[in-house]
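Peer 1: Spelled out, the chains give:
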Amino acid sequence: MSAARQPARARRLSLGALRAGLAIALAIAGWAILVRAAALPPFILPGPERVARTLWTSRALLAEHAVITLIEVLAGLVIGAILGFAMGVVLAVSRPARILLRPLLVFSQAVPVFAIAPILTLWLGYGLGSKIVMTLLIIFFPVTSAFYDALMRTPPGWRELGDVMGARPWRQMWHLRIPAALPGFASGLRLAAVYAPIGAIIGEWVGASRGLGYLMLLANGRAKTDLMFAALIVLAILTLLLYAAVDRLARWIAGPEA
Amino acid sequence: MNGAPGLHLSGKARIGDVPLFGPLTLDVPAGRWTCLLGASGIGKSTILRLFAGIGSGVDFEGVAGATDGASLEGRCALMAQSDLLLPWLATVDNVMLGARLRGETPDRARAMAILARAGLADHAAKRPAALSGGQRQRAALARTLFEERPVVLLDEPFSALDALTRARMQDLAAELLQGRTVLHVTHDAAEAARLGEALLLMTGAGIEETAPPDSPVPRAFDAPQTLALQGALMRRLMAIGAPA
Numbered sequence: 001m002s003a004a005r006q007p008a009r010a011r012r013l014s015l016g017a018l019r020a021g022l023a024i025a026l027a028i029a030g031w032a033i034l035v036r037a038a039a040l041p042p043f044i045l046p047g048p049e050r051v052a053r054t055l056w057t058s059r060a061l062l063a064e065h066a067v068i069t070l071i072e073v074l075a076g077l078v079i080g081a082i083l084g085f086a087m088g089v090v091l092a093v094s095r096p097a098r099i100l101l102r103p104l105l106v107f108s109q110a111v112p113v114f115a116i117a118p119i120l121t122l123w124l125g126y127g128l129g130s131k132i133v134m135t136l137l138i139i140f141f142p143v144t145s146a147f148y149d150a151l152m153r154t155p156p157g158w159r160e161l162g163d164v165m166g167a168r169p170w171r172q173m174w175h176l177r178i179p180a181a182l183p184g185f186a187s188g189l190r191l192a193a194v195y196a197p198i199g200a201i202i203g204e205w206v207g208a209s210r211g212l213g214y215l216m217l218l219a220n221g222r223a224k225t226d227l228m229f230a231a232l233i234v235l236a237i238l239t240l241l242l243y244a245a246v247d248r249l250a251r252w253i254a255g256p257e258a
Numbered sequence: 001m002n003g004a005p006g007l008h009l010s011g012k013a014r015i016g017d018v019p020l021f022g023p024l025t026l027d028v029p030a031g032r033w034t035c036l037l038g039a040s041g042i043g044k045s046t047i048l049r050l051f052a053g054i055g056s057g058v059d060f061e062g063v064a065g066a067t068d069g070a071s072l073e074g075r076c077a078l079m080a081q082s083d084l085l086l087p088w089l090a091t092v093d094n095v096m097l098g099a100r101l102r103g104e105t106p107d108r109a110r111a112m113a114i115l116a117r118a119g120l121a122d123h124a125a126k127r128p129a130a131l132s133g134g135q136r137q138r139a140a141l142a143r144t145l146f147e148e149r150p151v152v153l154l155d156e157p158f159s160a161l162d163a164l165t166r167a168r169m170q171d172l173a174a175e176l177l178q179g180r181t182v183l184h185v186t187h188d189a190a191e192a193a194r195l196g197e198a199l200l201l202m203t204g205a206g207i208e209e210t211a212p213p214d215s216p217v218p219r220a221f222d223a224p225q226t227l228a229l230q231g232a233l234m235r236r237l238m239a240i241g242a243p244a
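These protein sequence lines map, in sequence, to chains W and B. The first sequence begins at 1 in UniProt numbering and counts up by one. The second sequence begins at 1 in UniProt numbering and counts up by one.
Hints were generated in silico from the structure; no laboratory data involved. Mixed in with the good hints there might be a few duds.
[To be verified] The calculated label-pair distances, taken between Cβ atoms and stated as ranges, are:
no., chain 1, residue 1, chain 2, residue 2, range
1, B, A121, W, I79, 42 to 48 Å
2, W, A23, B, A121, 51 to 57 Å
3, W, P155, B, L227, 27 to 33 Å
Glycine included, every Cβ here is placed at the ideal spot set by N, Cα and C.
Just chain B, with the same shape it has in the complex (with noise of 0.2 Å):
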């Protein structure tokens, strides 16, 4: 996608008065997938949410946006672990949410072209509750593209499913996001190891960086190189260990 910023954060948080993380930098390439890792708590979600521009009930000191100056309102979508379909509307009036919610007219056409794209094209009538978790997920992925935003952030969306499953997710996300600015909240080593153009390790000292191999994602779960990286991210989150 043409004209996705990159994304800079730089400042500390606290919540009330503990602090959270930082004073830390986080660089996000425009147009790339980075995958932001750490162990649960030290404020991998904060982070996305700050992007988001979303209430995340922390005390934040610092600047956080796209690195074209301008604002991120409405230049971001996000899709959470939870698939946040609405139980009252078909799959396709779902994907169409965005549209409805500002106001404009939704574009039935292009919902029906990006469900088809995500392999729900039989599904668009259907209500969520008729959908298994991973076509759920799928939709939600599709109401996520319908958006038609440059920046992309995920909240471990692929956690809750099955290893199947959220292989394939894997597969059909980083083919339908290719192009725009995905940041991709994740504390999967093997799942970062397949996705991850860019790799940065949220540690309680700040970001380290990790250079993932020149192969295109999504890399094959096979791969050696996949493997190594999986495993050398592993030892490196193991060693971090978990905040105190």
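Extracted from the complex, chain W is given alone in its bound form (with noise of 0.2 Å):
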């Protein structure tokens, strides 16, 4: 990167966060007016300067919650990359792998994960084993099907080139569809990063002893709807931090030219 660019850069960088951060500052004013205008109770709707005390009141508390949960996603991420990595590959090579594998796959995305979590409650109990599962179950098919598209597109030249070279097709795998099809799983990792809080909170809805989707239906048990509320935020911090995280890493591993 030049130089001269770089200044460019951080002007565009700084006038984007001074206007999202005039946007979180509207939406926090109309959240105040409308508790004060529509008089709410605490309980149905608290308003921004309760919930803030909440959140450094119970920080601990949220703190504790939000590192199980962040563990699961994190978890989860990494082995469904992995996983749909190796799917993406073993699609993509093998002819009998696409016709067997390939309606299983776009059969499980036609099952919502809500309706296994229980099940999958059931089979790996309360523990982190089954929100991980769980998310990534959710990530696995973005994953996998970004990657393999991208396999499948490999420009025709360098295919012709890799057998007039004399390539033996794995070797093409490593040495030229793989690398070609990486902005392909780039892509489906920032969409696995979307994706993987919602599997570890559904999983903590269904049933867990720890975590935020835990602390949040606890809170709005109680009516402690500040504590839901806070419990909320961090979770929305938590998510846009990983999508910053693995925005980073997906720019790493599609190139420069990307």
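Mind assembling these two chains? They're in different frames, but the hints should get you there.
Peer 2: Shown next, in the form of structure tokens:
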């Protein structure tokens, strides 16, 4: 990157941050006005100042549960991405695998994860395991399908070059097709970063004793709506940070040209 | 290059039920530069792909191979209009791609020597995106040379270059590919007049051979002989016209 483009990029970033800050401030102001104007009781909708206070006073509790959710999300993301990568390659090299597994994959997407969450909890228990599996189930398909599609779109000229050069198919896969498909894998990862927290939270709702999803249900049940909102905000921040981190990783994977 | 075989093809090709060419017979002399001219869509590239043994999407009935009877597999190198450089590899690694793809230990010193001959010694570590169009095509030529194959198949490799770069590429390729059996598909009469030691015109009726002057290639682009040949080829191409 040239030195001249650096300040322009920094300016664009700070402008973006300014706009985002403005939008958030507007939303909070609207929220505060609504609570006051409609005279809503705190157990229906607490005002922003009350939620902010709870965020601070319950920070230890929130952090404890956030760490659990983060571990579930990260573990699910890593395992799901590895499995999705492997499945993409298997589908791309093997016609029988395509014939047998692709319909299963598509069918698996027709079953909402919500529907199998109770079964997973029954099989894997209340601990981290069921949430990690839920998370990886939800991201496995987008990663597999983005990577597989990219693997099948290797420019024909490169494959012909490989054929004339006398490359065996698996070497072409390793040296040509996988590197060429990494941008596709990276966009699958970006999608996965958005979906992954959903899997973990659903898992916690269905049965858990720890995690932000569990905390939200618990707070709701006890009419501690301010704590519910505080947990929601922590979850949103967690998701945004995760997306930013995965986006950086995805850029690195996709290479300088992408 | 010793032992460079000639090429021979005879047969006919069709795409589904639509005939593409032939029946025709085509002979490429050993160790020389042969230009194959013809209108676009007439099947020139298909002939190249049949020799290269890559899927051409056509049904071919006949024989295509080397005159020495041995298989062409592992004896051809292919250079196309698109440079096909891998954007994530440095130029020198692109040159050694064949070795990497075959699982051999690449000979970096040899790759650097070839890059130097192609005038790219200072660009070895750069990615293709940092090279100009002419430099990229020279890198593709270096990759073709690195393969050390006796038969080199060229599919309009210079046609996307500007006129000046093209003329320089023609000189360089003629120098570096000397002694190999080259089959060069082109639609450019001027290019064929400069480079062809044998000239084949592909028409709907078959292959017509035109005898080039005896002068060594690459011929000077402004020599009267070259210009006369270019004119004659152009006239012939126009007389044949585009295929129906």
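Peer 1: Now tell me, hint by hint, if it's right for this structure.
Peer 2: Verification of the supplied hints:
Judged by the Cβ atoms, the range 42 to 48 Å given for A121/B and I79/W holds: they are separated by roughly 47 Å. At about 54 Å, the beta-carbon gap between A23/W and A121/B stays in the expected band of 51 to 57 Å. Between P155/W and L227/B the CB atoms are about 39 Å apart, so this pair departs from the stated range of 27 to 33 Å.
Consistency note: the structure conflicts with earlier hint 3 alone.
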